[in-house]
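As they're listed, the protein sequences go chains A and B.
Mapped onto my numbering, the consecutive letters of the first sequence carry residue numbers 1 to 182.
Mapped onto my numbering, the consecutive letters of the second sequence carry residue numbers 1 to 119.
Where hints are given, some of them may not hold.
[To be verified] Straight-line C-alpha distance at most 27 Å; calculated DSS-like pairs for lysine-lysine: (1) Lys94(B) to Lys135(A); (2) Lys135(A) to Lys179(A); (3) Lys130(A) to Lys94(B); (4) Lys179(A) to Lys94(B); (5) Lys130(A) to Lys141(A); (6) Lys141(A) to Lys94(B).
No wet-lab data here; the hints were simulated from the structure.
Since we're looking at a predicted model, the values are computed, not measured.
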Amino acid sequence: MGNRAGLARGVPVLITVLALVVVVTGTGCAAAGTSVAGTAEQGQGTTQERFLDESGMQAEYRIEAGRLDLPPGVVFPEAAPVSASGPQSFGEGVGLVFAQQYWIFAWEREWLDQRGKDPTRENAALRVLKSEVPKCEFMTKYLDEAGRQYFDGYVRRAQLGDPSGFQQDVTVNPMSLEKGDR
Amino acid sequence: MFATAGTAFATPSVEYVSGSLNFEGTLVQYPTYRTHTYPGIVSMSIDDMVQTYLRLGLRDTANVQFTNSEQWDTYGTKHFHLSSNGSDQIAQGKRFAFNGRMGATSIHLNNFWGGTLTY
Numbered sequence: 001m002g003n004r005a006g007l008a009r010g011v012p013v014l015i016t017v018l019a020l021v022v023v024v025t026g027t028g029c030a031a032a033g034t035s036v037a038g039t040a041e042q043g044q045g046t047t048q049e050r051f052l053d054e055s056g057m058q059a060e061y062r063i064e065a066g067r068l069d070l071p072p073g074v075v076f077p078e079a080a081p082v083s084a085s086g087p088q089s090f091g092e093g094v095g096l097v098f099a100q101q102y103w104i105f106a107w108e109r110e111w112l113d114q115r116g117k118d119p120t121r122e123n124a125a126l127r128v129l130k131s132e133v134p135k136c137e138f139m140t141k142y143l144d145e146a147g148r149q150y151f152d153g154y155v156r157r158a159q160l161g162d163p164s165g166f167q168q169d170v171t172v173n174p175m176s177l178e179k180g181d182r
Numbered sequence: 001m002f003a004t005a006g007t008a009f010a011t012p013s014v015e016y017v018s019g020s021l022n023f024e025g026t027l028v029q030y031p032t033y034r035t036h037t038y039p040g041i042v043s044m045s046i047d048d049m050v051q052t053y054l055r056l057g058l059r060d061t062a063n064v065q066f067t068n069s070e071q072w073d074t075y076g077t078k079h080f081h082l083s084s085n086g087s088d089q090i091a092q093g094k095r096f097a098f099n100g101r102m103g104a105t106s107i108h109l110n111n112f113w114g115g116t117l118t119y
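Take the sequences, apply the hints, and build the full model.
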């Protein structure tokens, strides 16, 4: 419907990962690039997406998870969860997006848990949420404008000492954090 | 459109969404997340169909599909229902991405879908 670019109808999608290239952005988040045979696009405008197989998605996840610092006592899961068993394909970015959403959730949870108890950890969490999260690729590339505005509102409330925004977010968008030592 | 982040939009967001699927009929997980800012239903009006049937569901931030899959055999509008209780009321602030698949076919003619998402 006018928002596809470079795709021919009827071209079968192959799911062969050819290479994995890591681009370090220096903002606390990374962009994982991949080369695959076959393309797809979805969503906002003309952005093309590429499919990965599960090993490609997990490689993307592990690279991103390795770059992100979590709050004390929280670790990344060994692997990103998948929605179903059996053969499946993942748009480029699914692994990275899971890692970054887990990272954001962990710092939201940390701020909520440390608020009023440990000022050092409370302030450290808010610094990440205010300064690092808005720059990450999930926020800038994979989330809609409404989601970015919601998150900005949560940060503003938190800076005023109001936990209701982050509390709403962790309630409506829950994740299970794994505990452990790095 | 709205003044205070975290509050409901005055009107639903409306966006044209499209994608491609595997002819083999296997699941595709897309990476783009959207935010449900209007209390109530999330609906999809399909006007561009794959050559077989189309199934779409919504995935949450934990990579779990939290709605039933809706199936289109032809053009039309459907809304998504929670897997947990069948309700079509999706919480404001919920972030979601699409899972999709088409009916498997050995005749590779059209694996594209598209439609208007209201959320």
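A quick look at each hint next to the structure:
1. In summary, the hint linking lysine 94(B) to lysine 135(A) is supported, as the alpha carbons are separated by about 21 Å, within the 27 Å threshold.
2. Simply put, lysine 135(A) and lysine 179(A) have alpha-carbon atoms about 26 Å apart, close enough for the 27 Å limit, and the pair holds.
3. Distance restraint check for lysine 130(A) and lysine 94(B): the Cα-Cα separation of roughly 21 Å lies within the 27 Å cut-off, and the hinted pair is therefore satisfied.
4. About 25 Å separates the Cα atoms of lysine 179(A) and lysine 94(B), which keeps this hinted pair within 27 Å; it holds.
5. Pair hint lysine 130(A) plus lysine 141(A) holds up; C-alpha atoms about 18 Å apart against a cutoff of 27 Å.
6. Simply put, lysine 141(A) and lysine 94(B) have alpha-carbon atoms about 18 Å apart, close enough for the 27 Å limit, and the pair holds.
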